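A.B. asks: Protein sequence lines, in the order shown, are assigned to chains A and B.
Position one of the first sequence corresponds to residue 1 (UniProt numbering), numbered consecutively onward.
Position one of the second sequence corresponds to residue 1 (UniProt numbering), numbered consecutively onward.
Check the hints yourself; a few may be wrong.
To be verified - Lysine-lysine pairs mimicking DSSO-like chemistry, simulated, CA-CA at most 30 Å apart:
| no. | chain 1 | residue 1 | chain 2 | residue 2 |
| --- | --- | --- | --- | --- |
| 1 | B | K73 | B | K166 |
| 2 | A | K131 | B | K103 |
| 3 | B | K103 | B | K41 |
| 4 | B | K49 | A | K25 |
| 5 | A | K107 | B | K70 |
| 6 | B | K91 | A | K125 |
| 7 | A | K131 | A | K67 |
| 8 | A | K25 | B | K73 |
| 9 | B | K128 | B | K167 |
| 10 | B | K73 | A | K125 |
| 11 | B | K41 | B | K70 |
| 12 | A | K125 | B | K176 |
| 13 | A | K131 | B | K48 |
| 14 | B | K91 | B | K166 |
| 15 | B | K70 | B | K167 |
| 16 | A | K10 | B | K91 |
| 17 | B | K167 | A | K131 |
| 18 | A | K107 | B | K103 |
| 19 | B | K91 | A | K107 |
| 20 | B | K176 | B | K122 |
| 21 | B | K41 | A | K107 |
| 22 | A | K67 | A | K125 |
| 23 | B | K103 | B | K91 |
| 24 | A | K125 | A | K25 |
| 25 | B | K103 | A | K125 |
As the list claims (entries may be wrong) - Here are some, though not all, of the chain A residues that point toward chain B, as calculated from beta-carbon distances under 7 Å:
| no. | residue |
| --- | --- |
| 26 | Y98 |
| 27 | Y104 |
| 28 | K107 |
| 29 | E112 |
| 30 | L121 |
Derived from the structure by calculation, the hints contain no laboratory data.
Bear in mind the structure is a predicted one, so any value in this text is a computation, not a measurement.
Beta carbons are placed, not taken as given, at the ideal position from N, Cα and C, and that holds for glycine.
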Amino acid sequence: MIYSLYILNKAGTLIYQNDYGPTEKLSHNSYIRLGSTFHSLHAIASNLSPVSGSSSGIELIETDTFKLQCFQTHTGIKFYIIADPNHPGLEEILHGIYELYTDYVLKNPFYEIEMQIRCDLFDYKLSRLLKLTTD
Amino acid sequence: MNRPQTNIVDRPVSKGKAEVNISSFAFLFSEMIQYCQDRIKAGHELEKKLSDMGYSIGPRLLELLCVREKNSKRETKLLGILSFIHTTVWKSLFGKTADSLEKSTEAEDEYMISDNNMVVNKFISLPKHLGSLNCAAFVAGIIEGILCSAEFPARVTAHNVTVEGKKFPKTVILIKFNPEVIERNI
């Protein structure tokens, strides 16, 4: 089961967030804070790497209660999903989400780049993708 | 080696390469809309701007399709030109025919062409404050250009129509002919 999805722009601002599982709803500000915190951790992690300049930051965090998989695009946008610990194929799902983002967000003339994503078609395709993959 | 020279007018008319990458088109169309948006004062002007852009394509498309598909003959009957738009024009623009062509039940001079999945709207989600806008206004402009240059002057507009059981509305192109066209047709 997938719990939630976050999309951060290259400055670390949360531009999209949605919960899918029976997770507890947080306040809007908490989501933004969680997003920024992850962005910072990601940046620190890539600097902490013993081999300089070769780390791309956090890709996967595994815990007893959840799993977090992150995918960063070449333009610095980060997609990460939080799922239950034994959910398979998270990487493929993230690629699928990236594809939907390039189609239904970037090709939408009314979307301003780096800003909040509010696109009905994106929401719809996303819910279809996630339903398809969690079944 | 000399290849025999054939005169260009003796060669068969080229069928034309019909397909364009959907992404390239989507990006170009998206830029067109943003270009228009930067040059308008109020929301409703956007439709007019898009329609104007389409309008100039109409006469060229009519000319081209008449030569390629119709043996250089142009439709002179009202129903003829409408079905020409519904099938030939739609096929050359979008690779399929439109979903339906209907006559309005309310007005004598109105016809509707509807399409459930308009190619131009494939990637477009409208923001809340522009809910009634349909970017197929561009296509409506093309149709208006075709009709006007074929001597069937009309007003053509694009509308969103919600369909029961579907999440996203379909596009209806409304064609309202000028009175003289209807008179002539009776």
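A.B. asks: Run the structure past the numbered hints and jot down the numbers of the failing ones, going up.
C.D. replies: Structure breaks hints 1, 2, 3, 4, 5, 8, 10, 11, 12, 13, 15, 16, 18, 25, 26 and 29.
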